[in-house]
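K.L.:
Chain by chain, the residues run as shown.
2 protein chains.
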Amino acid sequence: MAPSEPRQTKFVLDESHIPRAWYNIVADLPVPPSPPLHPGTGQPIGPDDLAPLFPMALIGQEVSTEREIEIPEPVRDAYRLYRPSPLYRAHRLERALDTPAHIYYKYEGGSPSGSHKPNTAIAQAFFNKEQGVKRLATETGAGQWGSALAFAGAMFGLEVKVYMVRASYDQKPYRRILMETYGAEVVASPSLTTNYGRTVLAVTPDTPGSLGMAISEAVEDAATRDDTKYALGSVLNHVLLHQTVIGQEALEQMSMAGESPDIVIGCTGGGSNFAGLTFPFLGRNFRDGAKHRVIAAEPEAAPSLTRGVYAYDFGDTGKMTPLVKMYTLGSDFIPEPIHAGGLRYHGMSPLVSLLKQHDLIEARSVHQRSSFAAGVTFARAEGILPAPEPTHAIRVAIDEALAAKEAGESRVILFNLCGHGHFDLSAYEQYLAGTLEDYEYPLERVEAALAGLPQV
Amino acid sequence: MAPSEPRQTKFVLDESHIPRAWYNIVADLPVPPSPPLHPGTGQPIGPDDLAPLFPMALIGQEVSTEREIEIPEPVRDAYRLYRPSPLYRAHRLERALDTPAHIYYKYEGGSPSGSHKPNTAIAQAFFNKEQGVKRLATETGAGQWGSALAFAGAMFGLEVKVYMVRASYDQKPYRRILMETYGAEVVASPSLTTNYGRTVLAVTPDTPGSLGMAISEAVEDAATRDDTKYALGSVLNHVLLHQTVIGQEALEQMSMAGESPDIVIGCTGGGSNFAGLTFPFLGRNFRDGAKHRVIAAEPEAAPSLTRGVYAYDFGDTGKMTPLVKMYTLGSDFIPEPIHAGGLRYHGMSPLVSLLKQHDLIEARSVHQRSSFAAGVTFARAEGILPAPEPTHAIRVAIDEALAAKEAGESRVILFNLCGHGHFDLSAYEQYLAGTLEDYEYPLERVEAALAGLPQV
Chain G
1 MAPSEPRQTK FVLDESHIPR AWYNIVADLP VPPSPPLHPG TGQPIGPDDL
51 APLFPMALIG QEVSTEREIE IPEPVRDAYR LYRPSPLYRA HRLERALDTP
101 AHIYYKYEGG SPSGSHKPNT AIAQAFFNKE QGVKRLATET GAGQWGSALA
151 FAGAMFGLEV KVYMVRASYD QKPYRRILME TYGAEVVASP SLTTNYGRTV
201 LAVTPDTPGS LGMAISEAVE DAATRDDTKY ALGSVLNHVL LHQTVIGQEA
251 LEQMSMAGES PDIVIGCTGG GSNFAGLTFP FLGRNFRDGA KHRVIAAEPE
301 AAPSLTRGVY AYDFGDTGKM TPLVKMYTLG SDFIPEPIHA GGLRYHGMSP
351 LVSLLKQHDL IEARSVHQRS SFAAGVTFAR AEGILPAPEP THAIRVAIDE
401 ALAAKEAGES RVILFNLCGH GHFDLSAYEQ YLAGTLEDYE YPLERVEAAL
451 AGLPQV
Chain C
1 MAPSEPRQTK FVLDESHIPR AWYNIVADLP VPPSPPLHPG TGQPIGPDDL
51 APLFPMALIG QEVSTEREIE IPEPVRDAYR LYRPSPLYRA HRLERALDTP
101 AHIYYKYEGG SPSGSHKPNT AIAQAFFNKE QGVKRLATET GAGQWGSALA
151 FAGAMFGLEV KVYMVRASYD QKPYRRILME TYGAEVVASP SLTTNYGRTV
201 LAVTPDTPGS LGMAISEAVE DAATRDDTKY ALGSVLNHVL LHQTVIGQEA
251 LEQMSMAGES PDIVIGCTGG GSNFAGLTFP FLGRNFRDGA KHRVIAAEPE
301 AAPSLTRGVY AYDFGDTGKM TPLVKMYTLG SDFIPEPIHA GGLRYHGMSP
351 LVSLLKQHDL IEARSVHQRS SFAAGVTFAR AEGILPAPEP THAIRVAIDE
401 ALAAKEAGES RVILFNLCGH GHFDLSAYEQ YLAGTLEDYE YPLERVEAAL
451 AGLPQV
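Taken in sequence, the protein lines are chains G and C. Residue numbering for the first sequence follows the working numbering, starting at 1 and increasing by one per position. Residue numbering for the second sequence follows the working numbering, starting at 1 and increasing by one per position.
Don't read these hints as lab results, they were simulated from the structure. Do not take every clue at face value.
Which copy? The list can't say, so a pair holds if one copy fits it or any two copies do.
No more than 20 Å apart at the CA atoms, straight line, and that leaves these computed lysine to any residue pairs for SDA-like [said to hold, decoys possible]: (1) Lys129 to Ala96; (2) Lys10 to Arg76; (3) Lys10 to Arg80; (4) Lys129 to Met56.
Sequences are here, hints too, so could you generate the full structure?
P.N.:
So this is what it looks like as structure tokens:
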């Protein structure tokens, strides 16, 4: 850094600063996580139950209590293509809001596939490759995760098969073509290539599909082929673990800026980008008595942390996964079709849920019109067009900056800008045209879904 | 840099390394440029002829012979949002090609609007704002330039009106929505808002429009409103000047890598990204006796440098601009509809043309199928999805790397990856499906257009 630069905007690190270990928050939690349960027996599941789906290295990470897990050099080498990501001081947004708050954001949209998802896709591809796996099967909704895994597959020479929710397959052809350009095979889900898909199509040939159906197809694909494993883009402990490179870099970059965030914000769907930024800061809270306030920003259309219950539930609508203890709206609950497809999930990562249950983090829900308003304000001030998901974090960051102005305090705010919105412009068009819908909280549908919670 | 990093991929600079001056190659040219001529009188034009369209600061830069032109601090401050851009060593592409060549690329796609265009859009917006201009009018084809000027207008509080070629307006709605999200007003050209547009529509109401028509509308808009000036995204000396931040940073980054490029490559349409990377290297050739080979990669569908003539011609199809000395295919020539819309231009920047005429640079033309093949190879190796325009540079870089392999020589190759292809995926889909067309060189159409060259 040159001290002569009057108004530093960007805090960049060269690749020697890519973290050498992932940070495992389980080592520092004040209470231990509840184990996943077998849905048939109600007993905790073991590694063997997961072996058909995941390589042993990832299963080991899923249950590890070690604080640091070394990042293998081939993973760090692929991270060099886009990491460390930059951290920005949002001078222009501060000026637009006329706030004394200092606003910072970590930008993960500069990765090849445009979001934070490659942080775990690369790691998952590597550990599968190392175990001799030839092919990965996964599902994708809006396409961020499928794009990331297709990219990671190309980096490590793995075949990738993506079951893409039919509605998105038809509406977002660009995401599909991006995956195909990386060499992945993409089919609309439900498809004719699995028993589950054929069963669904026999009954409802015109179904638009759902993430739950696509998960079931990808899991069946992996479970029935010896050369294939399954990959998931959020929710699980090892996925959140891989994302902690974000927060570790941000800690170093905030030090470069000479500040420490009073408030750290991430949007939450399954929880992975939120965890990636905030877990290393929470670790400071737990170990060093730091006092970072941490806020999860979720959509009003899927408000698991703010309106759900903390209970054992299935991770998928098909009720095929183990039972996990989490905030949930009920696995039968299908959220309204908001544009932040990455946040349309009935549950929440067990680790994030545990933190909320013990009041170690806060949560706030946001309507989509208000999120897009924040996204447009951000784009006009800072230039970067945010994806719909992180506009929820931007909304909360702006609200906190305005609260700081009201209080006359110079608070330091940090949020995660987890992806760009280049494939989401039709949503911006609807917002600008005034035709974007907000959805009332569907109390009756959630109560119905919660009534069906499994009895454990 | 940590010397312990075994295989450095990315060479990053913090923002104190943003250049403090633009590099004006005119100061180092072995021969002086030919002046633009007034089409009526055939005499060199003066600053007053341009004053209705451009602020005086830019007119001064257009004719300057100073080697360095200071970058104002507000421009550097906006550059901080994305500059310095990273320079990459393409280890994975080298491995895929099994070449002893070292391949480097400068990546300009990380700017908010996704290409190198903001380097000049920001500068043009600043100098207009400084002169009290309230509003800018411009044209755009595929939308890279319009997006950049819309972004720059938002940064400096200027209104921006974009005349977008009707065919692109209908086919590329995402680019239009991006401009509108930045706050610009976008109309399909020809439009009903100008006399020229109304005249065209009265005769051909169903016309798909052309860049030439859109230029005429934007120029009329600027010339007839006191609060408005015109902005152009390539071709002119001051536009190329602003892009030289690219090459100046690359010089420093190649030094960090401990290498000097034997070959420097850029794609050429109007010439601005090519000039941005290569002019600072050519300056070393002229002043210090360096021996960088410099190659311009142009489309076979608009091969002005490789097949055109060096002559005075109009810059637009409407024959409203001054006459400039350049390589041209004739201002009546309309290139085939290749997907690299940014390279579909009948002429070439006068400065780039002069360099070619005196054998100070080389030129090579490339078919689009071959370009897209190079783009897909690149994406699968390096992750970044290139825009159609820089796939021409990638094609030439790969060919040079394979030639180095054939010769058994470890040559150092550097090219400019001037933008990402997130808005161009339908072209990739056509390539992957095998339906992308190559176009034969249209000899008769070019000969007809050249027969109409103005007599000076």
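K.L.:
Which constraints among the numbered hints does this structure fail? Numbers only, ascending.
P.N.:
none
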